[in-house]
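Chains as they are written, first to last, in the numbering used here: chain A, 1 to 255; chain B, 1 to 255.
Calculated directly from the structure, the hints in this document are not laboratory data.
Because identical chains cannot be distinguished in the list, a pair is counted as satisfied if it fits within a single copy or across any two copies.
Taking lysine-lysine and the DSSO-like style, the derived pairs with C-alpha atoms no more than 27 Å apart in a straight line are:
no. : residue 1 : residue 2
1   : 236       : 159
2   : 159       : 29
3   : 254       : 159
4   : 195       : 29
5   : 236       : 254
6   : 29        : 147
7   : 236       : 151
8   : 254       : 151
9   : 148       : 236
10  : 29        : 148
11  : 236       : 147
12  : 147       : 159
13  : 151       : 29
14  : 159       : 148
15  : 148       : 254
16  : 147       : 254
17  : 254       : 29
2 protein chains.
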Amino acid sequence: MRILISNDDGIYAPGVRALAEALSDTEHKITVVCPDRERSATGHALTLQEPLRVDQISGIYPSNIEAWACSGTPSDTVKLALDALLSDRPDLVLSGINRGANLGTDVLYSGTVSAAMEGVLEGVPSIAFSLASFAHLDFSAAANFAKKMVKAIAERPLKETILLNVNIPAIAEEDICGAVVTRLGIRRYRDQFEKRVDPRGKTYYWLSGVIIEEEADADTDIQAIRDNYVAITPLKYDLTYATAMSSLQSWTEKL
Amino acid sequence: MRILISNDDGIYAPGVRALAEALSDTEHKITVVCPDRERSATGHALTLQEPLRVDQISGIYPSNIEAWACSGTPSDTVKLALDALLSDRPDLVLSGINRGANLGTDVLYSGTVSAAMEGVLEGVPSIAFSLASFAHLDFSAAANFAKKMVKAIAERPLKETILLNVNIPAIAEEDICGAVVTRLGIRRYRDQFEKRVDPRGKTYYWLSGVIIEEEADADTDIQAIRDNYVAITPLKYDLTYATAMSSLQSWTEKL
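Chain A extracted, bound-state conformation:
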């Protein structure tokens, strides 16, 4: 397979390097195209006001992997790779391995998931990988799991062009209990802003936030990670809330 790898932590991040290295001894042709710096929490942002630049990177990836840094967001980067940079369309887009979980409603803000979504929007099956910890920086178990998934896709292609959001618990490989298919839970935050005063007496705010409440039923990604399972959540790009359409229709008729 031809595989495009991207991320939102930037081309030099250890997570994407671990992923690329794990796949470098396979028969797949790997190309890495990542933002040139960290672009976390940029969601699906696109760069419209300035042009994009790309530079080939050498010396940090295995020699059989072509690597490019792009000045844009994760969405820009994957779009540019698919539409302008790669001579052949990839068979698979991988994003990550992200430093930190992308669980529940937080996927809306995730550059990692948005990068993978660009692949699916252009008809390429895509997987977003995230290591569910900011502290634990050993990506080897997650990279091995990613490699296993890529092998499985090569042998047993998925039935449709789908986006899989994969979160891997940040524990030793032998302690991972397995992989389960999940749905997104809900994460809520409190104290989202910290108010401060600058040396000139002007107020400013830092976005912060503490997780208070999570919908974590047994079948959610949040609960799977708590139980030391890899959580695999299929995502789609159609945000239509179909079940609300009929009651809304009668409401709209009276407008």
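Following the hints, position chain B against chain A.
Same frame as chain A, but now just chain B:
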């Protein structure tokens, strides 16, 4: 009702001013909190690397409307308004009126829709309004329609906390055929990047793109706008592709 108005075109944009002015003679208490400049296509991007500033704006909105400009993205702006700036929780969040349509898969990139999504994520019913043209800059028909929807919500509250994505055709008010409930269509682009060479001989790329193909079945927002109807699409924030879960489960078991 207490109503929060935001947008992604910035506090000085004519669309948000038309919306606020149309609602200024109602009994509702209106607060406008918008990005301080245009922040289109920023999706759900959040500002984590720098703090946010807000400034009260006077002289451009009716005197009974409090208006604030925020240095962040649309998502930052609504979060900050709800969590730090407003003393009372609003009953409704409105976003727009955007200059240009937000139809189909393009809603993923839309700052207008993301601003409204922040409202729903915090439990407040929200509506995103977009005028389906970049050329036609008369927001009066769209503002009148928005006013009618707000009146309907005050009289007949919606059954659940929902996000409505409303696109209004850019035609004379008397030519609008009515309002219909729709689902999101699909928009695709070709020639997404224009490659140029700078005066120093270096390549750069502009994201551009021409719409080539739209899934525009009769019940889509894209088709409704073509037929001169207002398109009202209910959206949700849960991206789980539930129908793929069972087939994926059997695939995952063999991992």
